[in-house]
Amino acid sequence: MKNILVPTDFSKEAGYALQLAVDFAKKTGAKLSIIHVIEYYPTASFTTMGPAPESGMPANAFTAQMIEKVEKQFEELRTKEMFDGLDVETIVKIGNPYQNITKKIAALNADLVIMGSKGAHGMDEVMIGSNAERVVRYSKHPVITVKDPIRLEQIKSIAFATDYTETQENLLNHFDRLLEVMDAELYLVRVNTPYNFIPTRGRRII
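Quick note on numbering: full-length UniProt numbering labels position 149 of the sequence shown as 149, and the sequence is numbered without any gaps.
Careful: at least some of the hints might be erroneous.
Claimed, not checked - Computed list of lysine-lysine pairs in DSS-like fashion (alpha-carbon distance at most 25 Å, straight line):
hint, residue 1, residue 2
1, K103, K140
2, K93, K72
3, K2, K104
4, K72, K27
5, K104, K156
6, K93, K80
Unchecked claim - Restraint-style ranges between C-beta atoms, simulated for each label pair:
hint, residue 1, residue 2, range
7, E81, R190, 22 to 32 Å
8, R190, G29, 28 to 38 Å
9, A161, T79, 16 to 26 Å
10, F175, E89, 23 to 33 Å
11, D176, I150, 16 to 26 Å
12, D163, S139, 31 to 41 Å
13, K72, F160, 37 to 47 Å
14, Q65, K27, 32 to 42 Å
15, D84, R137, 13 to 23 Å
16, E185, Q65, 41 to 51 Å
17, D176, S139, 17 to 27 Å
18, K69, N173, 14 to 24 Å
19, D87, E180, 40 to 50 Å
Hint data in this document are derived by calculation from the structure and do not stem from the laboratory.
For glycine and all other residues, C-beta sits at the position ideal for the given N, C-alpha and C.
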């Protein structure tokens, strides 16, 4: 494991994800890249960081203000003892969060992405939850979402939902690499239903 990417919005959930990422980085020696994306929609009323620029404030001035704010947050973050001995990179991007995160995943060829998920509803879900969901759904790299505090040593079992097809072999290869890091047991789970039934003798265990 060489590269771990952590998208952050500086929420408590993002903090939980970052702590888990630090645990992985310390155990594997991986580089830790932390990215924050400032949404830029000149006609929008809100961004992920709060209200859009007030009337009369130029959009580029607002963006510069937000960049300065995020860079200060990163400066404070890097002073924490949790990062001692780690190779840490902080990244600020402007634009669509999902697009910027996926581009960075590809650029790093990230071995693992760890991000907070609020399990939110309404406006929070639109702004934050949907980005995490899209990364999980479409990423070709392993993604872990975190809603509550969790440390690496607390992870003792992993459930893998499978339909026992060969197309899932690559997914299990990713699990093999994760299991090398975690002292955890892997459980294969398949729900057999009357409309999608596989007899025992017809099942294929990857």
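Taking 32 to 42 Å as the stated bounds, is the beta-carbon spacing between Q65 and K27 within them? 38 Å, holds
Could you check the hint for me, namely that E81 and R190 are 22 to 32 Å apart, CB to CB? 44 Å, violated
In this structure, is the beta-carbon distance linking R190 and G29 contained in 28 to 38 Å? Given a distance of about 35 Å, which is inside 28 to 38 Å, the answer is holds.
Distance restraint between K2 and K104, which requires alpha-carbon spacing of 25 Å or less: 14 Å, holds
Keeping to a limit of 25 Å between CA atoms, is the pair of K93 and K80 held or broken? 23 Å, holds
Is K104 within 25 Å of K156, Cα to Cα? 30 Å, violated
Is 17 to 27 Å respected by the C-beta to C-beta distance linking D176 and S139? For S139 against D176, whose Cβ atoms are near 18 Å apart, the range 17 to 27 Å holds.
Is K103 within 25 Å of K140, Cα to Cα? 12 Å, holds
Quickly compare the C-alpha distance for K72 and K27 to 25 Å and report which way the hint goes. 28 Å, violated
For K93 and K72, compute the direct alpha-carbon distance and say whether it is at most 25 Å. 15 Å, holds
Looking only at beta-carbon atoms, does the pair K69, N173 fall within the given range of 14 to 24 Å? At 41 Å between Cβs, range violated.
Range hint 37 to 47 Å (beta carbons of K72 and F160) holds or violated: 41 Å, holds
In summary, the structure is inconsistent with hints 4, 5, 7, 9, 12, 15, 18, 19 from the numbered list given earlier, while agreeing with the others.
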